[in-house]
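Chemist: In case you want the letters, here they are:
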Amino acid sequence: MKLFLAFITKEFKHILRDTRTLIILFGMPIVQIILFGFALTNEVKDSRIGILDYSKDQASQHIIQELDASRYFDVEANFSSPQQIDQAFKEGRIRLAVVFPAHFRHSLFQQNTASIQLIADASDPNTATTVVNYASSILKSYQDEVLGEQTLPYTIQPEIRMLYNPQLKGAYNFVPGVMAMILLLISAMMTSIAIVREKELGTMEVLLVSPVPPILVIVTKAIPYVLLSFINVSTILILSVNLLDVPIQGSLLLLLGESMLFIFAALALGLFISTITNSQQVAMLASLMVLLLPTLIFSGFMFPIENMPKPMQFISNLIPSKWYFFIVRDVMIKGLGFKSVLKESLILVAMTIGFVLIALKNYKTRLE
Amino acid sequence: MENKEIVIQAQGLTKRFGDFIATNAITFEVYKGEIFGFLGANGAGKTTAMKILIGISKPSGGEAKVAGFDVYSETEDIKKNIGYMSQKFSLYEDLTIRENIRFFGGIYGLDRKTIKEKTDVLLKTLGFEAEADKLVSSLPLGWRQKLSFSIAILHNPKIVFLDEPTGGVDPVTRRQFWDLIYEASNRGVTIFVTTHYMDEAEYCNRVSIMVDGKIEALDTPKNLKKQFQAESMDDVFHQLARKAKRSE
Chain A
1 MKLFLAFITK EFKHILRDTR TLIILFGMPI VQIILFGFAL TNEVKDSRIG ILDYSKDQAS
61 QHIIQELDAS RYFDVEANFS SPQQIDQAFK EGRIRLAVVF PAHFRHSLFQ QNTASIQLIA
121 DASDPNTATT VVNYASSILK SYQDEVLGEQ TLPYTIQPEI RMLYNPQLKG AYNFVPGVMA
181 MILLLISAMM TSIAIVREKE LGTMEVLLVS PVPPILVIVT KAIPYVLLSF INVSTILILS
241 VNLLDVPIQG SLLLLLGESM LFIFAALALG LFISTITNSQ QVAMLASLMV LLLPTLIFSG
301 FMFPIENMPK PMQFISNLIP SKWYFFIVRD VMIKGLGFKS VLKESLILVA MTIGFVLIAL
361 KNYKTRLE
Chain B
1 MENKEIVIQA QGLTKRFGDF IATNAITFEV YKGEIFGFLG ANGAGKTTAM KILIGISKPS
61 GGEAKVAGFD VYSETEDIKK NIGYMSQKFS LYEDLTIREN IRFFGGIYGL DRKTIKEKTD
121 VLLKTLGFEA EADKLVSSLP LGWRQKLSFS IAILHNPKIV FLDEPTGGVD PVTRRQFWDL
181 IYEASNRGVT IFVTTHYMDE AEYCNRVSIM VDGKIEALDT PKNLKKQFQA ESMDDVFHQL
241 ARKAKRSE
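Top line first, the protein sequences correspond to chains A and B.
Position one of the first sequence corresponds to residue 1 (my numbering), numbered consecutively onward.
Position one of the second sequence corresponds to residue 1 (my numbering), numbered consecutively onward.
This list has only true hints and no planted wrong ones.
A few chain B residues that face chain A, going by a derived Cβ cut-off under 7 Å, partial list only:
1) Ile54
2) Lys79
3) Tyr84
4) Asp94
5) Gly106
6) Ile107
Calculated directly from the structure, the hints in this document are not laboratory data.
Every value quoted in this text rests on a predicted model; they were computed, and no experiment measured them.
All C-beta atoms, glycine included, are put in the ideal place defined by N, C-alpha and C.
Using the sequences and the accompanying hints, generate a full structural model.
Modeler: What follows is the structure, encoded as structure tokens:
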């Protein structure tokens, strides 16, 4: 026990005296949350739009005001001819043009039908779709307003409910993603680097020649990182609840427990990496290539897995962070209980055991 | 050597890696309190042999006992009774001198009080009192080597293994380093040392020279020079090393 404490103390000194590591450890989660929360977002805000209004009546003016007032649009220009619209798109001044035909109000109220043309710059298709959707919803709300209570006999009124994330916030998706990423980086990369550093310095050899059991050396290297990872989970959760307004719907205890499980999986991976590499650079590269990249691509946090070709979908099953991402999303965002993430949890447990076994086997053969 | 108590005994010790025989049936004895020089060119098999003796590698054949314990089955006991200093400088640079001493003393099971006493003696002997709370990274290489050696013998091991301990150290510091070795030897600690410097080979009580995995010569420096009709150990070494077929 005294020995155990001596190792832990030593490990904490290594970490605390290395400013670079400290900055990574505590800076990374904060920076990532802020980056993903405010800079890297799929929400399109303040798009510049142009208006071509042949009607210039009360109705069209009202809609233009509504558009300009929303946080999604800024009215950049008022055109008087279609050529000007064309020009504005070419110059990249606007993302969307809204065209009102002549007698707009008249058609709407007398003939009960009126059309508006929305022209979007689809060189970026995702943004174009998003912008058009925003504009349509503003138009629809205007329509509802004018129609008031009178209902037309044969109209289908789709009632849309966006479950779990009614405001369609990007944060609901990336918070679980960032958690998976940070935990992997801290637990796997930092641990593997810490172990490999001892090999590089030659101190590992001295420790192996000493009567200390090798398993103690490894376990005590990992423990401080478990603690730090846990602090990071808490930081991310606090930031996302308070700064990004992403609530924790499910049980906090379950969420922390599952995070703990994932931390162990990541540690096992880090241990595995440390047994196959001999220099800190290689350990870092291996961690980035083997852990970070697949997490970004295959966890479903940036790109939907359902859209991938079958072989890629199969590969995604082998990525531990995918399962953790699902768990966090289910527990934190959807508020589901342990039963619904049982399968994912079991997969993570199995992966952890697998990595530990491979790592121990490697570790032993290296000693021979 | 009046009192020839054997502390290391190797009999036909062999280590194979696939087809490659790194250490080929070496046989030798090391006596208590002796400074035993273990020489050989790079790739001659010294490090492999040493790894077996310090209990981190299992031999493929032969017998060996270190401090009375078997290298196959009693490596844990061997580890408790030896000290080791690797060719890489092997203290923690981001810990202070005092913290390093405390940590390494701790892993050999010394209690706090003993460590404290030993730390004071050690700092005084080395003249490091003023630097005790400085980070090791701020010390010059020669100082670190001396500190490293002192820490390797902190727990009073029966044998201390030194793997090229003076690589890259200036001659003056090397001389001081050897003073520390003599001092330990006088206290009855057996020194098993590998080196590249032939002047250091002259300081040893007995020297073995390995060529291509085999021990080609083993005697006191004086007798070896006589046997090979050589002026110096350097000369002896070159006569033997020239025969080597494998390098690196």
